[in-house]
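When you get a sec, could you build the whole thing from the sequences and use the hints?
The primary structure of each chain is shown beneath.
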Amino acid sequence: MCFAWGYTRITPQLRSRNIVETVMRWGLLGASTVAVLTTIGIVLSVLFETIHFFQLVPPQDFFFGTVWDPRFSSPGRFGGGEVGQFGLLPLLWGTLFISIVALLVAVPVGLFAAIYMSEYAGPKIRAISKPVLEILAGIPTIVYGFFALVTFGPFLRDMGAHVGLDISASSVLTAGIVMGVMIIPFVSSLSDDIMSAVPQALREGSYGLGATQSETIKKVILPAALPGIVGAILLAASRAIGETMIVVLAAGIAANLTLNPLEPVTTITVKIVSQLTGDLEFNSPQTLVAFALGLTLFVITLGLNVYALYIVRRYREQYE
Amino acid sequence: MTDQTATLSTFGAGSAAAARLRKRHAAEKRFRMYGVFALLFGFAFLVVLFSSIISKGWTAFLQTSVHLSVYFDPEVVNPSGNPNDHDELLRADYTKLARTALYKVLDVNTDDRKEKKAANELLSRGVDTQLKDAVLDDPSLIGQTREVWLLASDNVDALLKGSIDRDTPEERRALSNQQLAWVDQLDDEDVIAKRFNTGLFVNGASSNPETAGLGVALIGSAFMMLTVILLAVPLGVCAALYLEESATKNRLADIIEVNINNLAAVPSIVFGLLGLAVFINFLGLPRSASLVGGLVLTLMTLPTIIIATRAAIKSVPPSIREAALGVGASKMQLIGHHVLPLTLPGILTGTIIGLVQALGETAPLLMIGMVAFVVDYPTTPLEPATALPVQIYMWATAAERGFIERTAGATMVLLAFLIVMNSLAVYLRHKFERKW
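So the protein sequences, as listed, match chains A and B. Residues 216 to 535 (the numbering used here) make up the first sequence, in order. Residues 232 to 667 (the numbering used here) make up the second sequence, in order.
No wet-lab data here; the hints were simulated from the structure. Here a beta-carbon is modelled for each residue, glycine too, at the ideal position from N, C-alpha and C.
So the derived label-pair ranges between C-beta atoms look like this:
1. A:473 to B:629: 24 to 34 Å
2. A:225 to B:564: 13 to 23 Å
3. B:396 to A:376: 13 to 23 Å
4. B:650 to A:335: 27 to 37 Å
5. B:453 to A:278: 36 to 46 Å
6. B:257 to A:258: 48 to 58 Å
7. A:498 to B:360: 34 to 44 Å
8. B:559 to A:224: 20 to 30 Å
9. B:559 to A:416: 40 to 50 Å
10. B:257 to A:473: 40 to 50 Å
11. A:218 to B:665: 34 to 44 Å
12. B:380 to A:376: 35 to 45 Å
Lysine-lysine pairs mimicking DSS-like chemistry, simulated, CA-CA at most 30 Å apart:
13. B:254 to A:433
14. B:260 to A:339
15. A:345 to B:260
16. B:545 to A:345
17. B:392 to B:363
18. A:339 to B:662
19. B:392 to B:327
20. A:345 to A:433
21. B:260 to A:433
22. B:363 to B:345
23. A:434 to B:260
24. B:348 to B:363
25. A:339 to A:434
26. B:425 to B:327
27. A:434 to B:254
28. B:662 to B:545
29. A:339 to B:545
30. B:392 to B:425
31. A:345 to B:662
Structure, rendered in structure tokens:
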């Protein structure tokens, strides 16, 4: 039938190729707008539910509350469900604390690995070590979480018991160190690329003045590559903040405002998971708070990413 | 460079300068060592991670079974005598058959309830299903005696794998002295053995570690990967083509580009929130369905595929474009006849990398209710299912000791899939790599 319809349309005036071109161009455009629609979808859906949440719980209680105690949504009991306390601060602190520990692991290791790969290692070692290090970022986070839960956490606890420290099996330290290893490649690969992009003339100028290789790196290469390295670290930080499975399995669920890295804390992502698994009711603050937490997470990571990409891009323009 | 500094020291500089130089060279060496240490730290962690998982998980591929000659007693299985009575066959007490057979082997005093109970604990609760399936497959078994391998309980399994210490005092051990003696007796008679654990790959969810399997999770993951391939690949390739080929540098293209870059860095859990709010709450798709999981993963992997495809398209030299346009090809003919065939390996590699990312992702799937206890195989993507990483999460949080081994085993299965897919991507990249 389509064929018959098409056959009747054939005339000397028909510019079929142009029509096909236009249709296909619109098709391609449509496909590429899916990405935009996704972003809009994320923002709208999360924002919508968050506004819903703020109608039940005042925003200042959420953003400045220091107690996280959502209670259970139980419309049967207590006549319509008891509203708990939804303080963001303990979760935010837990998230930041673990990310800081992770960065304390990932930045020195990643940076030195990048320095070695870009400045010292020959092309052969570099060709092997870079992909091998990148495996660390390719392993699913659930695998890291399981490793932290059954191997690394108990190991740290036993080590702590040896030297008289009381480390709980799920602690800031456990989750932070394992997460730090996971984000090493985010620091090392990007830093490596950026340091390799520093013009050779700068190195040779420094050698010509009699500097050793490490002095050249410290005094010339690192300052020249600094914006890019900061960008890489920010990207790694945003990855650490949004990471879920490691902290779900290894960080604990108690919302603590503590400075002690040996105690368990909880994070924004852990609470999103725990509020949304199980039975859901889309009108209780216990469920809706997850979307407010999600919005907070989205805004923080988006801000970090945009800033990091801005830094990296601005730096790249300098030598091109 | 070292030559230069060496000649510098022979330049007649004093001993102070020589000492300074030594210090600087020592600092140089130290600095270099830090780099080596950093790399070794990363490699060592990889080795520890893999060896810890493999050492915990390889035993999951073996499962202890007991070889018993079971008499399919018609009195128990089919008292009405009508083998076509399906309901009766389904309801029958198959555990009793297995237990009777076990009592015979172990010489259990059938009047002593305590002793019987202790003996019962040697067999898995899954033997019921094992025997039921055998009878439903072949009703002519009723009234006959057959040799069958029946699953042992998780404690017996743990004992034979060495994770229960025989020296712990009886009251703190999971198995009593008598049970230990029985297991030894079975071992001496060679009727208990560790056999390859097919159940790990075919069974569904179960609360007993010895009968829990990845069957449902594998099917769920397969459905999701299928959804991702069917949706993300065409969408991603089309979007990349638009951005690289036909977009005149206008505002819209700019917005789309910035969007894709940012989307690639959004935490995966936020995609889960999107899936929950839009696909489940707004569009009313069922929870726990692998279709929803596939859709969420599609949105998540789209940026990866777009970025990889764009890189591949960029590497097509302009001479080919210009030659095609020069002989009168239209833009779409250029894309269809030249750009796409040339970028196919790149697209394939990008797709595999996207799939690897999607296969290992857990967090967004938790949001859309994939944490479900699903016993039966899903037949359509709309039925409840789990996914491989979600199953690992569920087992990792389960309390029984036997699940640790299962979790590590499932992790090995997941890692094996990822390694195979990654190697495929590397192989493809090398095979089709083209220098222009």
